[in-house]
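Using the sequences plus the hints, can you model the full thing?
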Amino acid sequence: MRSSAAMRPTPFLSAFQTRLLSDTTRQAIEKAVGSAPVVLFMKGTPETPQCGFSRASIQILGLQGVDPSKFAAFNVLEDDELRSGIKEFSDWPTIPQLYLEKEFVGGCDILVSMHQDGSLAKMLEEKKVLAPEGAESDSK
Amino acid sequence: MAESTITEASLKSALIERLNATHVEVTDMSGGCGQSFTTLIVSPQFAGLNSLKRHRTVNAALKAEIAAIHAWSAKCQTPEEWEKDKAKNGGASAKPSLNGTVDGKVEGVEA
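Protein chains in written order, with full-length UniProt numbering: chain A, 1 to 140; chain B, 1 to 111.
Don't read these hints as lab results, they were simulated from the structure. Computed from a prediction, not measured in an experiment: that's the story for all the values here. Be careful, since some hints might not be right.
[As the list claims (entries may be wrong)] Cut-off 20 Å, straight-line C-alpha distance, at most; resulting in silico cross-link-like pairs (EDC-like, lysine to aspartate or glutamate):
#  : chain 1 : residue 1 : chain 2 : residue 2
1  : B       : Lys53     : A       : Glu103
2  : B       : Lys53     : A       : Glu101
3  : B       : Lys95     : A       : Asp117
4  : B       : Lys63     : A       : Glu88
5  : B       : Lys53     : A       : Asp117
6  : A       : Lys87     : B       : Glu65
7  : A       : Lys87     : A       : Glu30
8  : B       : Lys88     : A       : Asp117
9  : A       : Lys31     : A       : Glu88
10 : B       : Lys86     : A       : Asp117
11 : B       : Lys53     : A       : Asp80
12 : B       : Lys63     : A       : Asp91
13 : B       : Lys53     : A       : Glu88
[Unchecked claim] Which residues of chain B face chain A? A partial, calculated answer using Cβ under 8 Å:
#  : residue
14 : Asn20
15 : Asn59
16 : Ala67
17 : Trp72
18 : Lys75
19 : Thr101
[What the hints assert, rightly or not] Covered by chain B, per the in silico footprint, the following chain A stretches (three or more residues, Cβ under 8 Å):
#  : segment
20 : 27-36
21 : 47-56
22 : 94-107
Where a beta carbon is used, it is the ideal one built from N, C-alpha and C, also for glycine.
What follows is the structure, encoded as structure tokens:
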């Protein structure tokens, strides 16, 4: 009895978690996570980020040359349920959050360090989500 | 919910106690309201863990605290990595990250 009780979360906690993340929210988030190979949950939009950490993350994805057709961004400020639900879904307390092929990569700190040590470039290359060479820029 | 206010000192002592951190630097990046912190955490518990798992370890240890503040940033090193970094930088310790801030202050909120 004692050990099985210790293995489970307290009734309050499990009830609380269920209330936080309803089936409909979970399904909506799963759909969002799978909507593109590269998905960023952020504050604001890629054009006008509303937070420095979201801005830094979007800039990094741009510098890496992620193919816009393989990228989707979701603005958590437009949807309170998404804003709290994504934290629960990812078990991650902050925004932004990056997903690559439905797998959670990390937040801004992790993106920055992976950008600096080259592991992000390698990962994006392997997943074939970068824009074709020479096609990524329209500023010429 | 934590009953006391979260400060640089309270975060530091929590990290030392809960993660056996051997070196902690906490910087308030809120510009005064005490709601945004960036940290450098050196702990032997990070050994063998990738970056994501290190952050998850810290997030779990400070679940209530991180939920209560607006912004949170962490740099996680093992004692060996920290020493190596220090030697490389001529004896200067790595600093908490200020990525995503403007002159060391957050604009907007991450949490």
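Going through the hints against the structure:
no.	hint	result
1	B:Lys53 to A:Glu103	holds (14 Å)
2	B:Lys53 to A:Glu101	holds (19 Å)
3	B:Lys95 to A:Asp117	holds (17 Å)
4	B:Lys63 to A:Glu88	holds (12 Å)
5	B:Lys53 to A:Asp117	holds (17 Å)
6	A:Lys87 to B:Glu65	holds (15 Å)
7	A:Lys87 to A:Glu30	holds (13 Å)
8	B:Lys88 to A:Asp117	holds (16 Å)
9	A:Lys31 to A:Glu88	holds (15 Å)
10	B:Lys86 to A:Asp117	holds (18 Å)
11	B:Lys53 to A:Asp80	violated (27 Å)
12	B:Lys63 to A:Asp91	holds (10 Å)
13	B:Lys53 to A:Glu88	holds (17 Å)
14	Asn20	violated (21 Å)
15	Asn59	holds (6 Å)
16	Ala67	holds (6 Å)
17	Trp72	holds (6 Å)
18	Lys75	holds (7 Å)
19	Thr101	holds (6 Å)
20	27-36	violated (count 0)
21	47-56	holds (count 8)
22	94-107	holds (count 7)
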